[in-house]
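Using the sequences and the hints given, assemble the complete structure.
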Amino acid sequence: MSRVLRKALFCFIIFTLISCSSQNSYETNSYYALGTILNITLPKSKSEFFEKTYKLIKKKEDKIKSFYDNFNSSPTHSKIVIDDEIYKLFKKAQFFYNLSEHKFDITIYTLTSLYGFPEGPFKVPTNKELNTAKKKLGFKNIQFDKNYVIKQTDLKIDMGAYAKGYIVDKAIELLKKNGTESAIVDAGGDLFALGLKNGKKWRIAIKHPDIENRFLSIVNVSNKAVVTSGNYERFFITKNGEKIIHIFDATTGKTANNYKSISVIADTTEMADGLSTLFFLLSLEKIEDLCKKYNAPTLVYTIDNKLIKLCSWESYEN
Amino acid sequence: MKIKPLDIIMVTLLVIISIYPLFQKNSGKKHLYLLVDDKKIELSFKKKIIDLKASFNKNIIIEIDEKKARILKSNCPLQICVKTGWISNCNDATVCIPNRVALIIECEESEYDAISK
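Top line first, the protein sequences correspond to chains H and Y.
Mapped onto my numbering, the consecutive letters of the first sequence carry residue numbers 753 to 1070.
Mapped onto my numbering, the consecutive letters of the second sequence carry residue numbers 7 to 123.
I should point out that these hints are in silico values taken from the structure, not numbers from a laboratory.
Warning: the hint list may mix true and false statements.
Under the rule of at most 27 Å between Cα atoms (straight-line distance), these lysine-lysine pairs were calculated in the BS3-like manner [said to hold, decoys possible]: (1) Y/K89 to H/K1006; (2) H/K953 to Y/K35; (3) Y/K35 to H/K991; (4) H/K810 to H/K840; (5) H/K991 to Y/K89.
A few chain H residues that don't get close to chain Y, going by computed Cβ distances all over 12 Å [unchecked claim]: (6) K811; (7) S825; (8) S830; (9) D835; (10) E871; (11) K949; (12) N975; (13) T980; (14) K991; (15) E994; (16) S1035; (17) K1045; (18) L1059.
For each residue, glycine too, the CB sits at the ideal point set by N, CA and C.
Quick look at the structure:
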């Protein structure tokens, strides 16, 4: 072998060894939590945090769920004591309620529970049942302060549209506190991608609602949440052929089947989660106004199969 | 400088090693896993239908084809897992929460790290 080639071979081997040694390898563990499959991806060197992260998520989930149960079964006008965490979740409910011009309302569960959401079995309630529920619901019927909450009517709440995102954010916070700089916490597609993966941004694919094996988009993100709301998983079809999806407009009491899929990129999973749901209730113009205001790139796939990229979504695709 | 046959072999070898990863992109081996409660079992992509009643006491039937898998039948009320249909992409899953059963595809190499849905 010539000397030049021998040198080249030596350099190649050294380069390969250096580049291999700087590559972290990652591990993903899956758990049943937050009503879905929870996937946690961590560098192998941080694997001791799998259990810690899962336990935190489970603890928060149980706490929030037991609060709903307590609140929903409490008598009207009774004072229910809350802590700072639940107070913040109510504040967030108020924020999304105002942002959506009262269309997004956690008290809609008073009505959607009559249909059987979230777990089924499904049925179409009678008009009488629907009218009674409509009279009771409304975020304005909830009085809350830092230490207590009171419901003025016999209503029921469900914060599922953004509480899942909130819990994912808490899990990311825990990982960061423990010195993890790179991870994904993914609760069935509602996810936060922390840091970089071996120096590169994380690549997140957006599921195509109709075509298996194709994606609506693939985005590159770092320290961002990506959340999608869709009409293709939680729904049922009535005897009249109407598709009833899990997202309802509280101002009309009607199901919001205008889009097939809406994905949002945001700085927190709670925000991306809430926006992707409340955007389902708004016109494209309103969605654009809000995604600009909150710097939240959005991908909309309409009911007639149009793919619309808003607020520089495409800048995340390259 | 005189080029020897060994040089040609070495150069060819280096070129092959260098460009090999390019062809590997997204073609890393796919693994299919069945998650039942807290157990994770690897299944092979061979055409078959498996009833989980006998082995796991779950009212679920799964179907596997050469490159895809699905939950064919389930007794859960929402039927999300059945509506999900076939899964074939890396990091994709079909999940039946009430039964605590899921099918997950993991890949050694993938073009993306997670799916938002």
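Non-conforming hints, listed in increasing numerical order: Of the numbered hints given earlier, those the structure breaks are 3, 10, 11, 13, listed in rising order.
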